[in-house]
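Same order as they appear, the protein sequences are chains A and B.
Residue 97 is where the first sequence starts when you use the working numbering, and the numbers rise one by one after that.
Residue 730 is where the second sequence starts when you use the working numbering, and the numbers rise one by one after that.
Simulated from the structure, these hints should not be mistaken for lab results.
It cannot be assumed that every hint is accurate.
[To be verified] Taking lysine-lysine pairs in the DSS-like style, the calculated list, with each CA pair at most 27 Å apart, reads:
#1 701/A x 721/A
#2 805/B x 871/A
#3 1004/A x 1309/A
#4 871/A x 1164/B
#5 1190/B x 871/A
#6 598/A x 755/B
#7 787/B x 912/A
#8 755/B x 941/B
#9 1190/B x 598/A
Since the structure is predicted, the reported quantities are computational estimates derived from the model, not experimental observations.
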Amino acid sequence: MTERIAQGLYDPAFERDSCGFGLIANLDDMPSHWVVETAISALARLTHRGAVAADGKTGDGCGLLIKLPERFLRAVAEEQGMQFGVRFAAGTVFLSQDPDLAATARKAIETTVAEVGLEHAGWRVVPTDPSACGERALRTLPQIEQVFVNAPDGMSRGSFNRRLFLARRRAENRITDAETYIASLSSVTISYKGMVMPGVLPDFFPDLRDPRLESSVCMFHQRFSTNTMPQWRLAQPFRFLAHNGEINTIQGNRNWAQARAKNFLSDKLDDISDLDPIISLTGSDSSSLDNMLEVMRAGGMDVLQAMRILLPPAWQSVDDIDPDVRAFYEFYDSQMEPWDGPAGIVLTDGRYAACCLDRNGLRPARFVITKDRHLTVASEIGVYDYDEKDVLTKGRLGPGQMLAVDLVNGVVLENDDIHDILKTRAPYKKWLKKGVRYLDSELVDTHTAAEPMDPNTLASYQKMFNLSREELNDIVAVLAERAQEAVGSMGDDTPMAVLSKKVRSPFDYFRQQFAQVTNPPIDSLRERIVMSLQTNIGRESSLFDIGPEHAEQICINSPILSQRKLRQLLSDDMHGNNHSFIDLNVDESLSLPAALEQMCAQAVKAVDDGKLILLLSDRYLVPGKLPVHALLATGAVHHHLVRKGLRCDVNIVVETGVARDPHHFACLIGYGATLVYPYLVYQSLHDIAQRGNLDKQQQLGRNYRRGIRKGLFKIMSKMGISSVSSYRGAQLFEIVGLHDEVVDRCFTGTTSRIQGSNFDDLKSDQQQLAVTAWKPQLTIEQGGLLKYVYGGEYHCYNPDVVTTLQAAVRSGDFEKYKDYAALVNNRPVATLRDLLLTKVAGPAVPLDEVEPVEDILVRFDSAGMSLGALSPEAHESLAIAMNRMGARSNSGEGGEDPSRYGTERVSKIKQVASGRFGVTAEYLVNAEVIQIKIAQGAKPGEGGQLPGHKVNEMIARLRFAKPGVGLISPPPHHDIYSIEDLAQLIFDLKQVNPKALVSVKLVAEPGVGTIAAGVVKAYADLITISGYDGGTGASPLSSVKYAGSPWELGLSETHQVLRRNDLRGKVRLQTDGGLKTGVDVIKAAMLGAESFGFGTGPMVALGCKYLRICHLNNCATGVATQNSTLRSEFFIGLPDMVINFFRFVAEDTRELMAELGVRKLEELIGRVDLLQPELGDTDRQSRLDLAPIVSAEGIARDAAQFCTELRNDPFDKGELAEEMVRAALPAIEAKSGGRFGFEVKNFNRSIGARLSGEIARQHGNEGMRDAPIDILLRGTAGQSLGVWNVSGLNLILIGDANDYVGKGMAGGRVVVRPPEDADYLVRETAIIGNTCLYGATGGQLFAAGTAGERFAVRNSGATAVIEGSGDHCCEYMTDGVVVVLGRTGINFGAGMTGGFAYVLDIDRCFVDRYNHELIDIHRITPETMEVHLHHLRSLITQHVEATGSEWGSQILDDYRTFMPKFWVVKPKAAELGSLIASLRQAA
Amino acid sequence: MSKHPLQFLEIPRKDPAKEDAEERIKHFDEIYESYDGASAAAQAGRCIACGNPYCEWKCPVHNYIPNWLDLIEQGKLFEAAELSHQTNSLPEICGRVCPQDRLCEGACTLNDGIGAVTIGSIEKYITDEAVKLGWRPDMSQVVDSGKTVGIVGAGPAGLAAADVLARQGIRSVVYDAYPDIGGLLTYGIPPFKLEKEVVNKRREILEGMGVKFVLNTRIGEDKPFDELLEEFDAVFLGMGTYNYVRGGFAGEDLPGVHEALPYLVSNVYRELAYDDDSIPYIDLAGKNVVVLGGGDTGMDCNRTAIRQGAASVRCAYRRDEENMPGSRREVANSKEEGIEFLFNRQPLEIVGKDHVTGVKVIETQMSEPGSDGRRRPEPIAGTEQVLPADAVVIAFGFQPDPPAWFEDFSIETLPSDRVRVATVGDYIHQTSNPKVFAGGDMVRGSDLVVTAVFEGREAAKGIAAYLGV
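Please put together the full structure from these sequences, using the hints given.
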């Protein structure tokens, strides 16, 4: 493989994909052509989950992995005169079209086959029809051939396959051309895959049409990639598996695989020492996972066990797990970290065919077993047309579950069956009991610092480690006092560390990565159950040759050590003299590289000496020595040991003064630290407590650790990672501003794109600190990173800037604006763009020839700020101002008062955020632009919470909640866990409002360009790239400071990637983040933006003084508060001030355009050639390499620079929906109601939305209530049945449905019932998919069967009856009623603040299944709860009437018996007696 | 930190009690009472801890105001005093004499109608109260550097420099021509704004920090400057501005016309009961007084005259009230005490034959702002009038008056007579003589006490760097 080099800001490593996937297997291993044929047609019915190029032919790749069709292969081989032995293998090989290269590759394969003692039997050119390919795929079409290999007589199948594995890996290592790719080489499976659309796969491979080609197992996969560069090799399935999702921890997993290579040795495997690297370090995450599975299998582990180790369920925190199963997972957890991330995986090794889901269940998998003994698993139900009466059973995989077919024994293994097999393979529990020792957590460590430093020494340490008074008071003390992070508001307006002229912490160069679009963040609070910080200290040994010594581990519940635990750990009685002390304080004269080298050598020696722990410590400062920053040391030692293959023999414990906030800990752990002991924090807390400034001294250390733990959870979950063992070493950061010499040595492999501070700079920072550290007369610094302080860090919205801007917009005086602009434009370098000078495009033009202000204004949007964050007065002033200018304001999250629709107070951009507050069909049809807010610049990857006290009457009304009830915005959109999910949401929105443009708001981070490309392919019309500096109403401070990248990087990367992929012309690109003057507009345009978002600027124009107290609801300027006094008496903002601001900026822009010599802004878009990187004011600024930002390398010159198409219409024209509109439109127009019938299949998506949109447009959400239209449907409905449903639309489906039923429903009714001839147990059968009723605000849903995960998530008004549910049912619910007539999954009612539920608990295990934080449960007793009794009965009666549910009838028939088995589930804060009354009130 | 977010609305701004005008004009004592602990905490708790601390930004010494307000709310008096002294050498004095309404309190976010936090009064409270309870700057960690500095002038700049130097282990000797320290603090500012006990207390504190004072000694006369250069490792000049700005109109030399500073100094001399015939007491009792000038010095003259028992005091100023440089608080206090303000009156001449009998003024109107941003007064023809007066006090401000010996030591001045000092580089405030540093009014021109403090502090940092400490 050739090394692929990044160009500009684009790096192929950023590519992401996801897909539709599945498998069909005959339970008795009986091969048939039907299996193959059906699999292909199923794949074609998942086309909407993949991406389609404009030519309608080029997809992102699809393929099959089938059990080896022996008969067929023998037959075609015979035709070619080849003879196979008793046991043979076949491989699919992509060869170069260059005959010489192909010949060399063939030869290499033949040679390695011979080397491992196998016999090469011949080659076959696989017949293909290139006319099935699109143009882009054709350009890279390989020569596809099959290679055949015979096993020597008597060789066992296992031995044969291991040798094939070796032969293949060796061949791969030897073949140097980039095109050769061995897709499969096995005696049990073979793959057929390519860059074609599923429908034409058999056209491309005529083999697949051949009736002789028979197989018992066929896996299929359809890819949706974020890029469009055809890569044949990237098509799935791989050799064992096909993966839908993304491995978030891939970087760490790859590093660890490399580090523990020797633990993969097995006597079953010959020499694997030449398989370096053991798994591929490039290519897709899925292919690495496939490699890993292959290595484990080759070592002798079966796929069931290997897969469960790689993708364990959430075993740590689940209460009712079998202890032996827990022991199995705990045992292997100490040997190998999980591969974490959204994953639906199908796999087969010929022995088993299986499907497995990640612990969060973030990808859907539905299965059906038919009476003819076939199992079908796929992303969706209904992928082929079986007869319902032939169905034996149907279901769905839950989170962390695995389902397998044992092809040898012809049995289906369910999750528990597999666990039963695995747990008995070794006495895991016994071994653990003997080997594991726990660090005492029972005893409270009452001492924050057992040996307190004297004040003078403490001050020296604080100065040496740059701990300011601000950080002490506002960060550290808050953590210790409240056990959680400090919250702040507004954005980060300080320069990035590399741009700063102050001494900044090396941690400041690290930006936390976060999940957006291609994977979801987790809610670490409400879904705590999947999170774990459990940390093991011990040695790893062979993964295959296991024994009790593997279990000799020290187990700690968190990586943050208290003093007591550190002592315990290091004490002799734990593991003998087990640690080696490595002093981070080194002689001042030593260079950093030399110091690090010295430490690495010490580390290697310690491992050689058999030490278990490396204690990296800066605890003992000495004048004349300088501490090496713990992060540099940790990273350097970690990587050195990884490279030496020694990393898994030892654990890194860091005793440091530099770790203070959660980000610091995350960095240390992310670069390899096992445990961290933050002694300086404890010393400082002790001192603060001594001075009496914090109470409860005993709790401080404990609280602090608790706060850090929560913070770590937040940081991990932001990236969708649930276990610290897979976060450790995963390097989930972008480095902004460190030189390659630092990155390569200490942070190898981390994305770092613009160079910057080198070792000398970092050393000189520490020297500066040392000078003050040893001067006792100098006090510690005040700070200034959070708030403006004279002489401290520069703030872009400093008092001068704010006051000058306000003077300008209030007076309307352009000269005053110029004073403001001069302050901004002449500031010290504070952003990357400040280092980019603009060049003229041509001779200056007269100002009056430049396009008018009005033409520029239409390119300006106000950024999304919710009514809740802003006062209504401020929100409306902003809307009025934008509308008067012909620009657009953004509603933000939280709905909009319908009285604003159609007036100048309307927000033309309507936001759809993860809380879905107030998102109804009527809201959506009143938008010109619908913006999906994936992430927020100030806190990407995080949710939000509006505390109850802020939810006043008005906010409650708009958000369909009750006053005083707290509202939670989940971190992820629960309908966007991957790119194809986003495509579905966009489709939902375009169905309900075909006139609106759909916009997707992303936050800059490495790879955002690639994500953006995927978003364009998901048919978004607009993309906003926000910088890290965006504002917020409330956010943990460490999120504001450390997440997200500068928009200059994100915008430029996006522009480059879109152009490279020929997608730029399809989408409008916007940027926002700290835009202040015309210069910003010009530079943003040159970097690729054609539209510009402003958040803080117009707020300041309205009177905001950047107080950073928005979260307290006490904004003294009345801008960001709901307090009526402050709003009515102290808000002074007027629309004209906003208009002045924007007109000034536009006029400023015009003047600059005149100087630059352009008449239209369009002429500047994407003109990176007009931006000249200049040297900065400091050495490190001058070391920055901004060339990648202004690069156009590898991009066709004629590629579009801006959007050239009006809309980006979906490939799926929604024909059935259009037919339905044609049929029902007269009835809607006449408001007359009616009844219509249609057949549906799984590819008919968002059914109902078009009608709801039409109804809402003409009559609003409620207007058709009295003259409803009934739509009768039959079949399997695609995703989003009844999405955005309104009153007056009733959908009655006979059959089943996929995910998102009733999402965003505001009224009407959705009914799903099985066909009359169904022959399975209906009440235990999945009938609707995941995330149904998400964000519903009203209406009814009745489904006779079970629902998937997250039923009624964020429901705020719908009434529903179902017969069973998956995990996280009623999560974040704020209103409405849910009845579950059967078993629920775990974590019921997490974050549920309103509404209530009735749950029928037959097996009496509901107590273990609900989340106890916010809700309580009560039995229904006839004496006291008659009203509930009646209410429940009437709901079940309606359910039975609507669905004909047998189970419902049975319950009604025997109501007295069932009644005591029901629970009423309600928020603790709600009164039991008033639940129904308040329901009536709402109705 | 857990303070109530709406305290600023629920508890109104409340200054410490002020003595009634009728009573207070009978003496020269300070007119404001002090907060008690509870009211200081309640008022401090009104601070909303803005992300942009406009108070700190506007404050010439950039006091960490929100931080010490927070400490006061928590009752951490000594910590507040410690923190307050980190940026200000004379906080209790600034708390009294700063025009807070133009500085910190004027910039306070809450000053938009809600009522600014009473920063000045709290600042005063902090040090007064802490010192009363025994707090003194913690010098225990200071290591003597062995370096010494001679300071010329015991005014705010000199005192500030001495304070900062002492904290760096640099001993200093402060010379002053007057018998007491403080310069204008003592002799220019009337005691009803700043009681002399406060300055004495500060002297005690500074002496406790090792600062030595040599008074009644005029450098260049009583002690030659080269002796200083010999005796010390560096010299700081903080000699202020004592050249009065003259009106440049007829009659300025008539008997009964007084310059502000001699007038105020004479009053202090009398109040302090100095026995010094060289400074005769100027007594305006029973006189009809006209004060010319709208700055704080003018207000001081107004109110001194009233206290001396003047029959009437009128204050004439050429701009309108809006554009007056004096602190609004002092204008208000003056009005309360019976001073009559005549705005938009530009003096043309002082009338009288052998003694002043009146001031001829012309009315003005405000025109467009000039280069300094202030609106200029334009005389309105035909509106001349004579204000009858028995005494006139002219308070037009001060200009530097560099002594002749500067030249002997290559200490350069600017055309404006201000001393030229380094503003960038490692040794800021260094004059053209490397060993000599300067700060305060003589460098920046006549300005506020607090700016002089700032300059003295900055110069001390420059000196410390110069001395390698």
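Now for the hints, and whether the structure bears them out:
Of the supplied pair hints, the one linking residue 701/A and residue 721/A holds, its CA atoms being roughly 23 Å apart against a limit of 27 Å. Annotation: proposed proximity of residue 805/B to residue 871/A holds, straight-line Cα distance about 26 Å (limit 27 Å). Our distance criterion of 27 Å between C-alpha atoms is met by residue 1004/A and residue 1309/A, whose separation comes to about 25 Å. For the suggested pair residue 871/A and residue 1164/B, the alpha carbons sit about 24 Å apart, so the restraint of at most 27 Å is met.
A distance of roughly 14 Å separates the Cα atoms of residue 1190/B and residue 871/A; the hinted pair therefore holds under the 27 Å criterion. Distance hint between residue 598/A and residue 755/B is unfulfilled; the C-alpha atoms sit about 55 Å from each other, more than 27 Å. Distance hint between residue 787/B and residue 912/A is fulfilled; the C-alpha atoms sit about 20 Å from each other, no more than 27 Å. Restraint check: the Cα-Cα separation between residue 755/B and residue 941/B comes to about 37 Å, which exceeds 27 Å; the hinted pair is violated.
Pair hint residue 1190/B plus residue 598/A holds up; C-alpha atoms about 18 Å apart against a cutoff of 27 Å.
Violation of the numbered hints given earlier is confined to hints 6 and 8; the remaining hints are satisfied by the structure.
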